[in-house]
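J.: One letter stands for each residue in the lines below.
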Amino acid sequence: KAGVTQTPRYLIKTRGQQVTLSCSPISGHRSVSWYQQTPGQGLQFLFEYFSETQRNKGNFPGRFSGRQFSNSRSEMNVSTLELGDSALYLCASSFSGAPETQYFGPGTRLLVL
Amino acid sequence: KQEVTQIPAALSVPEGENLVLNCSFTDSAIYNLQWFRQDPGKGLTSLLLIQSSQREQTSGRLNASLDKSSGRSTLYIAASQPGDSATYLCVPSSGGSNYKLTFGKGTLLTVNP
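The listed protein sequences correspond, in order, to chains A and B. Mapped onto my numbering, the consecutive letters of the first sequence carry residue numbers 1 to 113. Mapped onto my numbering, the consecutive letters of the second sequence carry residue numbers 1 to 113.
No wet-lab data here; the hints were simulated from the structure. Ideal Cβ placement from N, Cα and C applies to all residues, glycine included. Just to be clear, a hint being listed does not mean it is correct.
What the hints assert, rightly or not - Below 30 Å or equal to it, Euclidean Cα-Cα: the simulated DSSO-like pairs (lysine-lysine) are: (1) B:K100 - A:K57; (2) A:K57 - A:K13; (3) B:K105 - B:K68; (4) B:K68 - A:K13; (5) B:K42 - B:K105; (6) A:K13 - B:K1; (7) A:K13 - B:K42; (8) B:K105 - A:K13; (9) B:K100 - B:K1; (10) A:K57 - B:K68; (11) B:K42 - B:K100; (12) B:K68 - B:K100; (13) B:K1 - B:K105; (14) B:K42 - B:K1; (15) B:K68 - B:K1; (16) B:K105 - A:K57.
What the hints assert, rightly or not - Per label pair, the in silico range of CB-to-CB distance: (17) B:T58 - A:R109: 30 to 36 Å; (18) B:N63 - A:T80: 45 to 51 Å; (19) B:G83 - A:Q41: 35 to 41 Å; (20) B:S52 - A:S51: 33 to 39 Å; (21) A:P39 - B:S28: 45 to 51 Å; (22) B:T5 - A:N59: 16 to 22 Å.
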């Protein structure tokens, strides 16, 4: 079974731009969660999608948004990028969500200049 | 709000040593607790998952224990190898019916040949 895939793997943007990241979960998994990892804050939960609906949300501003498609693939979008958005963005999938074992993708490294 | 503390923040040991990584969490009402490893710049790999009703879980050279009432978990690694070098993350799942994962800052382990 293929693992969780994320595209692109690396991205460089400038302040004020917007960015869209993509995550393809393991086949059959319906839950996709997104996390932001920075050296200062560690791993922080962004949101979770299940069957195309946002089911859970962390404490991030509205500039961070996401969606899930009928095939469970998910995208997250960050608008009006700030320098502090530079981070490793990880997605994780599972069949029905926490507290099941989460399977993580390799991440997308975003650098905002 | 769940908070997770991992001690030590970094650990360097010679190959072959047995070692213990410690984790404490503030909200004992957890559903389960997972230990992950993260290699530099990569995603997370689940190592062990302990249900709240369990006291320990073993996989190969790894043994994780859980004392839910005192809010503590330990990860024991036997006969460490250079390939064990990574960051180890303790992740309880809590939040009632809307489970969320809370991540510690991790312990950076270096095993020297």
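J.: The structure should be examined with respect to each hint, and the outcome stated for every one.
T.: Now the hints, each set against the structure:
1. B:K100 - A:K57: 9 Å, holds
2. A:K57 - A:K13: 25 Å, holds
3. B:K105 - B:K68: Within the cut-off at roughly 20 Å; holds.
4. B:K68 - A:K13: Judged against 30 Å, a Cα distance of about 44 Å means the pair is violated.
5. B:K42 - B:K105: 15 Å, holds
6. A:K13 - B:K1: 34 Å, violated
7. A:K13 - B:K42: The hint holds at about 21 Å.
8. B:K105 - A:K13: Holds, at about 27 Å.
9. B:K100 - B:K1: Distance ~11 Å between K100 (chain B) and K1 (chain B) Cα, so the pair holds.
10. A:K57 - B:K68: 26 Å, holds
11. B:K42 - B:K100: 21 Å, holds
12. B:K68 - B:K100: 17 Å, holds
13. B:K1 - B:K105: 16 Å, holds
14. B:K42 - B:K1: Holds, at about 27 Å.
15. B:K68 - B:K1: 16 Å, holds
16. B:K105 - A:K57: Satisfied, since the Cα-Cα distance of roughly 21 Å is no more than 30 Å.
17. B:T58 - A:R109: 30 to 36 Å: 34 Å, holds
18. B:N63 - A:T80: 45 to 51 Å: 47 Å, holds
19. B:G83 - A:Q41: 35 to 41 Å: 28 Å, violated
20. B:S52 - A:S51: 33 to 39 Å: Violated: the Cβ-Cβ distance is about 26 Å, outside 33 to 39 Å.
21. A:P39 - B:S28: 45 to 51 Å: 29 Å, violated
22. B:T5 - A:N59: 16 to 22 Å: 20 Å, holds
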